[in-house]
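Novice: So the chains spell out like this:
Protein chains: 2
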Amino acid sequence: MITSAQNQHLKLIRRLESRAQRARLGLFVVEGEDVVEAALEAGVQPVVALVDDERPVLERRLKNVEQCLGKLLGEVSLLAHPPRVIAIYREADLPELDVQALKAARAAGTPGSMALPSVGLALWHVGDPGNVGTLVRACDALGPAFIALSEGCADPSGPKVLRSSTGSAFRVPRCSFEDAPGRRIGLVPRAGKVLSDLKLAPGDIFVLGAERAGLPDNVRRSCDLLAEIPLAGAAESLNVAMAGTIALYEWSRQRL
Amino acid sequence: MITSAQNQHLKLIRRLESRAQRARLGLFVVEGEDVVEAALEAGVQPVVALVDDERPVLERRLKNVEQCLGKLLGEVSLLAHPPRVIAIYREADLPELDVQALKAARAAGTPGSMALPSVGLALWHVGDPGNVGTLVRACDALGPAFIALSEGCADPSGPKVLRSSTGSAFRVPRCSFEDAPGRRIGLVPRAGKVLSDLKLAPGDIFVLGAERAGLPDNVRRSCDLLAEIPLAGAAESLNVAMAGTIALYEWSRQRL
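Protein sequences appear in the order of chains V and E. First residue of the first sequence? That's 1131 in our numbering, and the numbers climb one at a time after it. First residue of the second sequence? That's 1131 in our numbering, and the numbers climb one at a time after it.
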């Protein structure tokens, strides 16, 4: 039972608010039973889970669980309403895309699976954590799809990304922007070609940039083709989370 | 030139952080030149605009503009990086859907316009301001569409909604949830009917509920039909912003 704010786990949770510390220690923090349960369902146990002593949750299914005064849990929580559980996980326990296995499966004509999805999103310098989290969730719901992140993207293990991805982080495999294998379709305004006119296929990757900057010339050139989402209305552009969601929807609609 | 934190405009801006005060005074606050410019383009002038004395912006196009010490502007700003302009607007200057004119236009078979759109979203108790703002933006980009809001929705003139709607609030007409005229398509999980199998048409309204609660029985029954967005993957559901964006995309795709 944790009763002191000086407890080492509580101190570590505070320390892991920093991206640099997360990278250095290879650990990250999850708040709330929904995401912790998603991890359990993916077969992932936390390094340690602290549960509110007065509102315990998931105790039987969690290994390395410690009860903690609710007040202290509230003090390290980043949420408006402190959760019943805060847990520390290993980065290495998040699913990684096995690029070689995916290439082999495609060569063999095997259909996609959650571990080896037939479609993906590749994000170029998307810094907004809410957008990255929403797209991780879209990969999970509309795919299954993998997600490839360039440097300069929001940390997929950061608190805001995890909050908007609602457990999908433990299901959607990741790889680097460069490694993602497949036909690259850059989504840009005024591309000429309309997304829904393309014949989308297994192996497609949608490449998306951040809101204002979009995709730089070298990234555009590295794409196999460019397409646009036609905008009838007045807004300058869709945000990247909306554009990526629409692309995955269109891809799965054509598959139905 | 405003040099004191006791200035009445600065005090009013602080006061308008409260939803109750916004409702009472019929005023709201906009931060940043992008949204202020969108208002100008919609022909809307602020009650007053305060611009940073060292980084003035849009001064010639704004009436009732006052310079203000950047430091003081920063103190009332809710943004991480204080903007160059903060302006106060009248609620009454936001576009309202003319329901009678829309019905008349439809009866006459007139095509949709920004003021009288052929499609709309109706949100039931969507409390998250980021989701409401994203959907206002989607109405603007993928429509033009109107937006209908039930009570219990996030305040469309609140700071977080305005931030994620990025100027679209001055273009997308609003009405109450009950008043929205048209064929109501409730979007719910496991509806049986798939969205892309429907023949979507001018006059459609997509009805969406909040993430966990969804649409209550009486609202479902008030819909003309129910449809689902098929989810291939594992995520429980899409969030309401993604679902509404997909619905408007599908509607406009069928119109192309």
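Keep in mind the hints are simulated off the structure, nothing from the lab. All values reported here derive from a predicted model rather than from experimental measurement. Worth double-checking, as some hints may not be accurate.
Which copy? The list can't say, so a pair holds if one copy fits it or any two copies do.
Derived DSBU-like pairs: lysine-lysine, alpha-carbon spacing no greater than 35 Å straight-line [claimed, not checked]:
| hint | residue 1 | residue 2 |
| --- | --- | --- |
| 1 | Lys1290 | Lys1201 |
| 2 | Lys1290 | Lys1141 |
| 3 | Lys1329 | Lys1193 |
| 4 | Lys1233 | Lys1201 |
| 5 | Lys1290 | Lys1233 |
| 6 | Lys1141 | Lys1329 |
| 7 | Lys1329 | Lys1201 |
| 8 | Lys1141 | Lys1323 |
| 9 | Lys1233 | Lys1141 |
Novice: Hints first: check each against the structure and report whether it holds.
Specialist: Taking the hints in turn, this is what the structure says about them:
Taking the shortest Cα distances, Lys1290 and Lys1201 sit within 35 Å of each other both inside one copy (22 Å) and across copies (29 Å). Both within a single protomer and between protomers do Lys1290 and Lys1141 lie at most 35 Å apart by alpha-carbon distance, with minima of 20 Å and 32 Å respectively. With identical chains, the CA atoms of Lys1329 and Lys1193 are never at most 35 Å apart, being 47 Å at best within one copy and 51 Å at best between copies. For a Cα distance limit of 35 Å, the shortest separation of Lys1233 from Lys1201 qualifies neither inside one copy, at 50 Å, nor across copies, at 56 Å.
In this homomeric assembly, Lys1290 and Lys1233 come within 35 Å of each other (Cα to Cα) only inside a single copy, at 32 Å, whereas the closest approach across copies is 43 Å. In this assembly of identical chains, Lys1141 and Lys1329 lie within 35 Å of each other by CA distance neither inside one copy nor across copies; the values are 52 Å within and 57 Å between. Taking CA atoms no more than 35 Å apart as the test, Lys1329 paired with Lys1201 passes in neither setting, with 55 Å inside one copy and 54 Å between copies. Taking the closest pair of Cα atoms, Lys1141 and Lys1323 never come within 35 Å of each other, the shortest separation being 53 Å inside a single copy and 51 Å across copies.
In the homo-oligomer, the alpha carbons of Lys1233 and Lys1141 never lie at most 35 Å apart, since the shortest distance is 43 Å inside one protomer and 61 Å across protomers.
In summary, the numbered hints that this structure violates are 3, 4, 6, 7, 8 and 9.
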